[in-house]
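Under UniProt numbering, the first residue of the sequence shown carries the number 1, and numbering increases by one thereafter.
Keep in mind the hints are simulated off the structure, nothing from the lab.
Just so it is clear, the structure is predicted and the values come from calculations on it, not from any experiment.
Be careful, since some hints might not be right.
[To be verified] What follows is a set of in silico ranges between Cβ atoms, one per label pair, in the way DEER data are often shown:
1. 42 to 229: 18 to 26 Å
2. 250 to 86: 53 to 61 Å
3. 302 to 211: 50 to 58 Å
4. 153 to 43: 36 to 44 Å
5. 87 to 46: 49 to 57 Å
6. 219 to 278: 56 to 64 Å
7. 301 to 246: 48 to 56 Å
8. 40 to 297: 20 to 28 Å
Every residue, glycine too, gets a C-beta built ideally from N, C-alpha and C.
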Amino acid sequence: MASSTSSSSSTPTSDSSFRQRPRPRKFIPWKKKYFLLKNRDLSAEDEMIELLDRKRSFRVGFISTKSCKNIWEGHCKFPLIVTFLETLTNNSKEEPSPWSVVALLTLVCQTVYEVQEIVNCLTRSSSCLVHDVLECFYCLASIFYYLESQHRIGSGLHYRVFYSLYLYENAFEATCASIGSVFDQNATGQQSMMRYRSSTDKLQLTHEQVRIIKHDVKAGEIIKIVAFAGTGKTTTLVEYTKMRPMEKFLNVAYNKSIQQHALTLFPSNVESRTIHSLAFRSVGYRYKHKLAFGLRISSIMNALSGQMWVSARETS
1 MASSTSSSSS TPTSDSSFRQ RPRPRKFIPW KKKYFLLKNR DLSAEDEMIE LLDRKRSFRV
61 GFISTKSCKN IWEGHCKFPL IVTFLETLTN NSKEEPSPWS VVALLTLVCQ TVYEVQEIVN
121 CLTRSSSCLV HDVLECFYCL ASIFYYLESQ HRIGSGLHYR VFYSLYLYEN AFEATCASIG
181 SVFDQNATGQ QSMMRYRSST DKLQLTHEQV RIIKHDVKAG EIIKIVAFAG TGKTTTLVEY
241 TKMRPMEKFL NVAYNKSIQQ HALTLFPSNV ESRTIHSLAF RSVGYRYKHK LAFGLRISSI
301 MNALSGQMWV SARETS
């Protein structure tokens with residue numbers, strides 16, 4: 001039986017490799033900047049002023065120019081920008097940036113469906129990452145939203161780009177069959193949970209969740225899932241553990257109520273514990289005779305004199 005252990009919490013750890021994670025500002029920067037703009041964040045607005053009014057150059061992601069030539073030709077709006085692209089090429093003596101082509105195509109699109117086709121063309125290609133594609137469109141959404149808020153353009157451009165992103169990120173459906181490849185190395189020695197599920201059962205998972213579920217954590221490797229509250233981190237971990245019934249996992253919760261709720265969600269190969277119970281099992285049991293149960297802050301306050309309580313409060 002496998003003995004690997006995983007934790008779903010973000011408990012602080014002294015492991016130096018855990019601290020060697022990407023800086024927050026480098027993780028989906030345009031997506032975060034877009035939502036900061038929508039929340040009227042002044043620093044995000046200043047960055048947009050720096051970008052647009054002072055024409056500061058920037059980079060969204062890497063994509064090969066040569067590999068993208070065949071991607072655009074199938075889009076219905078591509079003929080509208082061919083002449084403009086040829087002019088740019090003749091003037092600059094080099095091929096235009098693929099992201100520039102994305103921006104031009106987006107500008108001439110008149111429906112959400114046409115913008116979706118750009119996203120689909122790029123994500124179907126093996127020459128660029130989905131992360132970079134989405135970051136490019138969040139960059140465009142940020143620019144269009146800022147210009148719209150300044151009454152410099154209408155609302156159509158921002159609406160079409162944002163709604164296309166919304167549909168792509170939230171309308172993704174994965175079936176058990178589409179993630180069944182995980183069981184190639186986990187289906188022996190024990191009946192797979194997939195036996196009790198239809199291959200057509202639909203799981204409402206995003207492409208990021210599927211990517212996490214299909215990743216096999218190696219010994220000594222630390223995987224950190226960075227996501228906003230309510231976006232499905234627990235659901236992802238539940239499906240991850242279900243797909244690996246031969247492995248054992250440890251789910252660490254901050255308090256008893258979360259731990260009790262986890263027991264109703266996770267499969268039997270997951271042990272759900274609180275941080276305090278782990279500490280007690282390792283060290284705390286030695287001092288069990290010194291523990292006081294039912295002790296309240298008010299009891300401590302009443303036991304202290306007025307002056308002592310002021311001193312304790314000032315030093316806390």
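Now for the hints, and whether the structure bears them out:
{"no.": "1", "hint": "42 to 229: 18 to 26 Å", "result": "23 Å, holds"}
{"no.": "2", "hint": "250 to 86: 53 to 61 Å", "result": "60 Å, holds"}
{"no.": "3", "hint": "302 to 211: 50 to 58 Å", "result": "55 Å, holds"}
{"no.": "4", "hint": "153 to 43: 36 to 44 Å", "result": "23 Å, violated"}
{"no.": "5", "hint": "87 to 46: 49 to 57 Å", "result": "34 Å, violated"}
{"no.": "6", "hint": "219 to 278: 56 to 64 Å", "result": "21 Å, violated"}
{"no.": "7", "hint": "301 to 246: 48 to 56 Å", "result": "53 Å, holds"}
{"no.": "8", "hint": "40 to 297: 20 to 28 Å", "result": "39 Å, violated"}
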